[in-house]
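Protein chains: 2
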Amino acid sequence: MTSEVLEGRAEGAADEKDYVQSLARGLQVLRAFSQYKPRMTLSEVAQHTGLTRAAARRFLLTLVREGFAETDGKRFALRPKVLELGFAYLSSLPMWEVAQPVMRDVVNALQESCSLSVLDGEDIVYVAREPTARVMTIGLSIGSRLPAYCSSMGRVLLSGLPPAELAAFYDRVRIEKRTPRTVPTMVALKDEVETARRQGWALVDQELELGLRSIAVPIRNRRGEVLAALNVSTHEGRTPLEAMRNRFLPVLLDAAQRISAALPQ
Amino acid sequence: MTSEVLEGRAEGAADEKDYVQSLARGLQVLRAFSQYKPRMTLSEVAQHTGLTRAAARRFLLTLVREGFAETDGKRFALRPKVLELGFAYLSSLPMWEVAQPVMRDVVNALQESCSLSVLDGEDIVYVAREPTARVMTIGLSIGSRLPAYCSSMGRVLLSGLPPAELAAFYDRVRIEKRTPRTVPTMVALKDEVETARRQGWALVDQELELGLRSIAVPIRNRRGEVLAALNVSTHEGRTPLEAMRNRFLPVLLDAAQRISAALPQ
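First to last, the protein sequences are chains V and Y.
So the first sequence is residues 1 to 265, counted in the UniProt record's numbering.
So the second sequence is residues 1 to 265, counted in the UniProt record's numbering.
Calculated cross-link-like contacts (lysine-lysine; reagent style DSS-like; alpha-carbon spacing at most 25 Å):
1. V/17 to Y/74
2. Y/17 to V/74
3. Y/17 to V/17
Covered stretches of chain Y, going by a simulated chain V footprint (3 or more residues, C-beta under 8 Å):
4. 59 to 65
5. 82 to 89
6. 93 to 101
7. 141 to 149
From the derived model, a few chain Y residues whose C-beta atoms are all more than 10 Å from chain V:
8. 50
9. 164
10. 182
11. 184
12. 186
13. 191
14. 195
15. 199
16. 224
17. 236
18. 238
19. 249
20. 253
If you are wondering where the hints come from, they were derived from the structure by calculation, not from laboratory data.
These numbers come from a predicted model, not from an experiment.
Using N, Cα and C, we set each Cβ at its ideal position, and we do this for glycine too.
Chain V extracted, bound-state conformation:
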């Protein structure tokens, strides 16, 4: 960090001056609401966040006052205004809006779900998803996180990292066997990432979850840097591996090309 940011303070000092606990805790309260708990009482929020009732109450009432939440006196729920928080991020992604119609074409062509994600630490984070209507979708949506090391989009994103960042990832990542097919060692993982880099795509067969197969390609900017990954996912009962290479991959590569071409200069 430069001196403009630190203003003379030693890097990494966990000083109260640099940390606003109320903000951190207030954000925790926001995140407590979910698909499974869209409406909660004061007690439930306190329980869910580990805060005292008094603290949870102050944060909730602040959120209500600022228009981010509402209450009927007993339960609290989020209001649409919270979308302004997350969407500042999405709208800052150059490929986000141009990708949507292209992803729609992919789903129309292949009748399988198509997703777009970026790398965030050890995870991929979904930034767009076009689910297929044909089958039950697996509960993924914008903001969902999956481990990068055993997902197709993860391997593509990792393959696009500069060497120093990739080395740092390998230092941090913890490989655990999620299925009998999950890559078993660091050496095997590095090999997969190198393969993805060399061939320009990654196919992951049931390493994250039994039955789940997906194939991903990178979305590059004009400098060749990998901005995001685009994938199609399917079930092993529906699509043999060969079909993923022969049928899905050309459609994906074409889609990635179209998205790259449509990126703002």
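Model the placement of chain Y on the given structure of chain V, informed by the hints.
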């Protein structure tokens, strides 16, 4: 509010005990980032939010520490983790995920953008949008807000409000002439909303913006309550009003029916 929430305090007391200014200001900092300003220096954030540099710095460093932002030492940017904030809200909407494949079919059928929105005060807030690839889209995305009184989705949503809430809306709303076609008086607006309620759809021709025409239908739950509105928008140069009624409306009504049928019980 019940006593559980107020704990004996007089309703509406703007007391420091009920308000956490740091949270409110921290959220302001988050919202300062946008499509137009995805990366900002400390000074830019301070300027944009009206906070002092010292305050902006504390909030930014807290956001960095909590994983919601990152910095290269000079500029700050949001990280994908902010999606967890807004996304709690979207995933709490019962129709959100089931609507997507249906909206895709609408766009495929009509070759025009299809959007889903909810009412928030005097605005509609976009919760889903499938843009057409065919023409330039008008910069709308999830979280975007438009006035309810002069938009097709707004009129449909208003037509679904219980009488007391609708009356409160009419008390609050400020009608301004955005185009020569904008509804000119409260009486005219009430008439439009009543028409939408009676016929079950609303067509708005260039009242929000010259050239912009859109037609909307309600999405209802099993109790008949209006949860959201679904629309298709086009340009007057592309689609005559008659085509919007004869071609767009049946597709929309069918889509709304499909979404309602797919809602979780």
